[in-house]
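Peer 1: Heads up: the sequence lines are chains A and B, in that order. Counting in UniProt numbering, the first sequence runs from 1 upward without gaps. Counting in UniProt numbering, the second sequence runs from 1 upward without gaps.
No lab work stands behind these hints, which were simulated from the structure alone. Just so you know, even glycine gets a beta-carbon here, dropped at the ideal spot from N, CA and C. Just so you know, not all the hints are guaranteed correct.
Which residues of chain A face chain B? A partial, calculated answer using Cβ under 7 Å [as the list claims (entries may be wrong)]:
id: 1; residue: W144
id: 2; residue: A146
id: 3; residue: L155
id: 4; residue: I190
id: 5; residue: G194
id: 6; residue: A204
id: 7; residue: R205
id: 8; residue: D206
id: 9; residue: Y220
id: 10; residue: F241
id: 11; residue: F417
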Amino acid sequence: MLQLIENKNIREVVNGKTVITKKPELLAPAGSLEKLKVAVHYGADAVFIGGQEFGLRSNADNFSIEEMREGVEFANKYGAVIYVTTNIFAHNENMDGLEEYLQAIEGAGVKGIIVADPLIIETCRRVAPNLEIHLSTQQSLSNWKAVKYWKQEGLHRVVLAREVGAEEMLKMKEEVDIEIEAFVHGAMCIAYSGRCVLSNHMTARDSNRGGCCQSCRWDYDLYENVDGEEKALFNEGDAPFAMSPKDLKLIESIPHMIELGIDSLKVEGRMKSIHYVATVISVYRKVIDAYCADPENFKIKKEWLEELDRCANRATASAFFEGEPSYKQQMFGFHAPKMKWDFAGLVLDYDEETNMVTLQQRNYFKPGDTIEFFGPEIDSFKMEVGQIWDEEGQEIEVANHPLQIVKFKVDRPLFKFNMMRKENK
Amino acid sequence: MKKPELLVTPKSVDHIKALIEAGADAFVIGEQKFGLRLAGEFSVNDVEQATTIIHEAGKKVYVAVNAIFHNDRLDDLDEYLKEMQRIGVDALLFGDPAVVMAVRELGITIPLHWNPETIATNWFQVNYWNERGAKRAVLARELSLDEVVEIKENAKAEIEVQIHGMTAMFQSKRSLLGNYFLYRGEVMEIENRKENKNMFLHDKERKNKYPIYEDLNGTHIFSPNDMCLIDELTDLFEAGIDSLKFDGVLQTEEYITTVTKCYRQAIDAYFDNGEDAYDEIKDELLEKIKEIQPAIRPLDTGFIYKETVY
């Protein structure tokens, strides 16, 4: 682990106790209005979403302007803000409609856009000047002089390349006065973002316009060409060549990132479920709050790490933050799905008189199953499911219809948006 | 109509002489510490020597400074740029804005060519970087002919397009070959093969072979085919593309020289004797290239006639 250096500029002594005064923003992904609401409810300070154009996840749900407006209103009630990703590298044909689109985003009350292409940067400045402009990781920003360049170009914030380490971030912060956003959790590109066109070649889908088919997650065989002879560099039974990165997880480095003065901590995953967003955001929320409230006595709790593991669908690693990643930060051979718990239901209501929860089913469960409830208002707890009733009050043997509304008894109080997960056996 | 420049990538100082003979107009050289995926490795001394030879022949020399820089190489970058200024090379290729900053700070007067590879995809960006000092833009290889032509029509900077050779598809900062051998506990393989540039990944489903190697900048993976537009140059000629680049990365000196001769003939035929003269010899030139084309590298036309979706 890197040595943690205390940053004098971000702490203060209040009533004899040191606190951190510069709390970084916790930035969550959302691929739909429901996910946005969940992210905000579970503690995100900001949420980034994709619109229907100019963004990089062409197969995510993505937001209409009307949905953006609703999202902004919801977020603002909690004091949170919304950013929109417009981070394609445009081709000539994508230039039409950009001005109207940016003006509509601005009109919806969005705080800023995340951009890679100078076309969109300059157009935004001209037609939607109230939007903040954040440089996307697609520009692979890796050194302080380039950070200075974008500062001079008037950008509000830069998102760093995923290849930038802690010491490099420190130098950037020292040299340039600009907001820095860095990834802390989620899936990674193994290539410098923006510099990979495997998809274009292998499937004729443009990776830099949202068509990435994740060819880097496939297996390949490694050969050597010796004087025209093709020689296999693997033996029967060896794992094939792979370049699939483990997912990023920097939960234990959060204190370090706070001390570096990083302004925004970003969680990746607009395509992930509400269960994923809720779990990850709630855990990072707890870590940031705990460290800022009492940095001197801060310790990572085992339960936070366990909680985060419950929604992990891949093995995790720290990537470049603490140095060059080794082979241990990649996945080779057969990788079994890691999920130990499944998202099973979303709480719609709880009746304190009857102790009855009303739940929207999100996965199969039945009486006798071990389940767990969690949410920002409660301490997580486990229990065994008893009798289940449907909406009409008919007892059912199993809750097996997606989005079915069911009721059952839970002794402890629950709140709207709390979630239920089921142990995977 | 103006004759386009024929830009090539030599492997060594000696190779430059053969390429001048073969009819090249301009050369891209440099070293991996500052430039990406070069055909040859040229130290500062080599650049100086090469520049003398190239300038004596009345040709141009461009130095690649188009790496993605991390903090640790910025000081050396400054020194390198000063050396290039002293030597008097004709242009610097850049992708990272840090180079624009350094050039401004140091008062370097060498013209810049914007070459970030995959992300040079529209004419607005070309003009944006032109306003910030780029005299030329090197377009992404993933563009269609129509896109290239439209960019040229709207660009304030010179436009360079690749017409032959393999193209990079992927750059990772990670040591992916080294990691694979380490995972298998074969540390010796890393030492044996660290410098090797003859490895490839086999994609069984697509029956493609992708060259792969590692250097100071990480791991690079290349296209399964070599682009070859020797018989498809008319549209690019008519569009007035300023520079046609043959990237000879991972090819032999002999191959690069022979292919350079073919493109010289094609350009001269068209511009000296007209379209018919070019049409008459283009199939023959294609045959000539096919004769020396390595079996492992099928030819295609890149993305010029291929649309991508998203």
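Peer 1: None of the hints should be skipped; say for each whether it holds.
Peer 2: Each hint tested on the structure:
1. W144: Since chain B brings a Cβ to about 6 Å from W144 of chain A, closer than 7 Å, the hint holds.
2. A146: The hint holds - A146 of chain A has a Cβ within 7 Å of chain B, the shortest such distance being about 4 Å.
3. L155: Constraint on L155 of chain A not satisfied, violated at 11 Å.
4. I190: At about 5 Å, which falls below the 7 Å cut-off, the nearest Cβ of chain B leaves the hint on I190 of chain A intact, so it holds.
5. G194: holds (5 Å)
6. A204: With a minimum Cβ separation of about 5 Å from chain B (threshold 7 Å), the hint on A204 of chain A holds.
7. R205: holds (6 Å)
8. D206: Status holds, d = 4 Å.
9. Y220: Holds - the Cβ of Y220 of chain A comes within 7 Å of chain B, reaching about 4 Å at its closest.
10. F241: holds (5 Å)
11. F417: Where the cut-off is 7 Å and the nearest Cβ of chain B is about 34 Å from F417 of chain A, the hint is violated.
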